[in-house]
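Can you build the whole structure from these sequences, using the hints too?
From first to last, the protein sequence lines stand for chains H and U. The numbering of the first sequence is this note's numbering, which starts it at 1 and goes up by one. The numbering of the second sequence is this note's numbering, which starts it at 1 and goes up by one.
Hint data in this document are derived by calculation from the structure and do not stem from the laboratory. Glycine included, every Cβ here is placed at the ideal spot set by N, Cα and C. One should not assume that every hint holds.
Selected chain U positions facing chain H (in silico; Cβ < 8 Å) [claimed, not checked]: (1) 53; (2) 76; (3) 89; (4) 101; (5) 106.
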Amino acid sequence: MSAVTDTVATAAPANPISQSVRDSLVVAKRNLIRMTRIPEMVIFGLIQPIMFVVLFSYVFGGSMQIGGSTSPEAYRNFLMAGIFAQTVTFATAGAGAGIADDMHKGLIDRFRSLPMARGAVLTGRTLADLVQTALTVFVLAIVALLVGWRVGSNGDTNAGKVLAAFGLLLLTGYAFTWIGALIGLSVRTPEAATSGGLIWLFPVTFISNAFVDTTHMTPWLRHIAEWNPFSATVQACRTLFGNPGVSPSDAWPMAHPVWASLIYSVVIIAIFRTLAVRKYRSATA
Amino acid sequence: MPGAIYAEGLVKTFGDVRALDGVDLDVPEGTVLGLLGPNGAGKTTAVRCLTTLLRPDSGTATVAGIDVLKNPDAVRRSVGLSGQFAAVDEYLTGRENLQMVGQLYQMKAKAAKQRAAELLEQFNLTEAADRPTKTYSGGMRRRLDLAAALVVRPPVMFMDEPTTGLDPRNRQQLWEVIKQLVSGGTTLLLTTQYLEEADHLAHEICVVDHGRVIARGTSDQLKARTGGERVEVVVHQREDIPTATDVLRGFGKGETTVEEHTRKLTVPVTGGAKLLAEVIRELDTHGIEIDDIGLRRPTLDDVFLSLTGHMAEQKSEDNGAAGNTKARKRTKESAK
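Structure, rendered in structure tokens:
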């Protein structure tokens with residue numbers, strides 16, 4: 001039969017890992033192209049954290065006591081690590097909505113009918129979100145500098161430490177997008193993914209050291225805040241940026257924030273990637 | 001030797017619903033099987049099971065000789081899927097979509113690029129190739145979708161309702177493409193609610209309802225099961241209906257059905273066009289004025305109706321057969 005002899009040779013790939021990397025990059029490219037075609041999504045993603053910086057630093061700044069000072073400058077320098085961390089976690093909602101939309105439109109079915117690596121659709125998506133997150137963080141850093149944020153305002157820092165802080169932020173954001181991926185695969189509509197992807201982020205980012213000093217919290221709430229994975233990243237960034245308000249706590253994640261942040265992120269990726277890929281394999285629109 | 005698509009005893013349940021309730025299929029290489037049935041009959045579930053998107057609860061299936069359950073990845077390399085649920089990305093251009101699909105079929109980037117250009121040419125999409133598919137018309141999008149399924153020239157194709165929602169011209173175009181494809185030796189399983197489409201494209205038809213194959217055969221065989229020709233008469237005046245019924249009784253091989261409000265009478269006959277002439281003369285003799293008369297051969301609509309007892313749900317606005325189908329339904333109802 002001519003159709004059979006005509007078949008383009010698609011030999012079974014020799015190495016599943018290189019196939020997985022290649023497929024993930026193909027999907028990541030697709031998602032990045034999409035972002036350039038829907039620039040309003042990227043722009044809204046930028047406006048929100050910028051608005052937070054301006055609102056928090058001007059509304060709350062001056063009424064918050066940070067490291068014994070109530071000056072707006074101190075709060076601004078304290079705040080930025082929190083805003084950065086919140087911004088990277090909000091990428092979760094985008095990942096969830098994007099994947100739910102792909103399910104809804106039948107693209108996930110298309111991908112699942114192709115002989116590609118199983119996790120590549122999700123990995124490609126999360127990688128593309130990582131690029132967007134990096135862009136957002138970059139713009140946000142410029143805005144922060146404009147409103148008076150300074151690294152080393154309250155302690156030692158250097159270029160290496162600042163870069164390490166941004167690295168931790170991106171890793172945290174990447175880990176959180178896997179939670180978003182699982183949400184996106186679990187809900188029925190893109191709308192549900194958007195709201196479902198955001199709601200839980202409010203307690204996670206607010207019951208933390210991001211916007212207020214945890215030492216003023218009720219003890220039980222303070223415990224939650226100090227063991228919150230999100231707080232570890234904030235504390236790590238504050239320490240590495242040399243900004244004020246590093247919480248003087250004995251809780252292990254607060255005492256070793258860089259390690260805690262790394263470990264939390266790796267654990268989140270391991271758990272949620274496994275769950276999301278499993279969900280993807282049986283996904284139905 | 002089993003065919004290019006072979007399934008035995010496929011069962012798939014969703015909660016209490018048995019979406020597939022023991023489906024057997026056997027599609028010889030190079031032929032087209034039409035899976036015909038109303039919404040919710042289980043057509044899509046069958047396709048999803050055969051293309052590895054869903055795991056059946058029980059049963060076995062092979063596609064291109066490969067076990068669907070044991071070796072799903074090899075099946076994915078050998079099939080193309082197109083239709084209502086396998087979409088293209090609306091923000092990517094046609095070219096980007098095809099290149100992406102090619103690469104995910106594990107073609108090298110350069111080969112995928114070349115193949116995309118070929119397909120765009122073949123499907124008459126070259127001009128629109130570098131526009132996001134969002135801007136495409138319904139027909140163009142379907143063509144692109146079909147092209148995406150053909151990237152690796154798969155020996156076996158699945159099309160799930162490929163022409164649903166297309167206007168008649170676009171449907172005709174797509175039919176031509178599908179015919180070309182099959183003449184090249186591709187084995188095709190096609191689901192459709194359009195009886196006309198199955199009649200037109202499929203070598204064999206399986207009528208599916210409630211997750212079961214309730215009839216199979218060629219279009220002619222299925223029509224033969226439903227019986228022969230009928231004469232349909234629409235009389236001009238309602239008062240003539242009783243007389244006309246008496247006239248038709250003389251020619252009929254069965255009961256005459258009457259549809260009062262459209263003044264239509266239908267009676268099964270044998271004898272073809274010659275008989276039709278006699279009917280006309282006889283009606284004329286009785287002074288009955290007629291608006292319309294015709295000899296109707298059974299359509300797949302009739303087959304479908306008689307087999308399932310309910311209608312294939314159709315979008316009437318873009319389907320030429322729909323008017324006819326609705327009339328059938330009324331006939332059936334008035335016959336009760």
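Evaluation of the provided hints:
{"no.": "1", "hint": "53", "in the structure": "6 Å, holds"}
{"no.": "2", "hint": "76", "in the structure": "4 Å, holds"}
{"no.": "3", "hint": "89", "in the structure": "6 Å, holds"}
{"no.": "4", "hint": "101", "in the structure": "7 Å, holds"}
{"no.": "5", "hint": "106", "in the structure": "5 Å, holds"}
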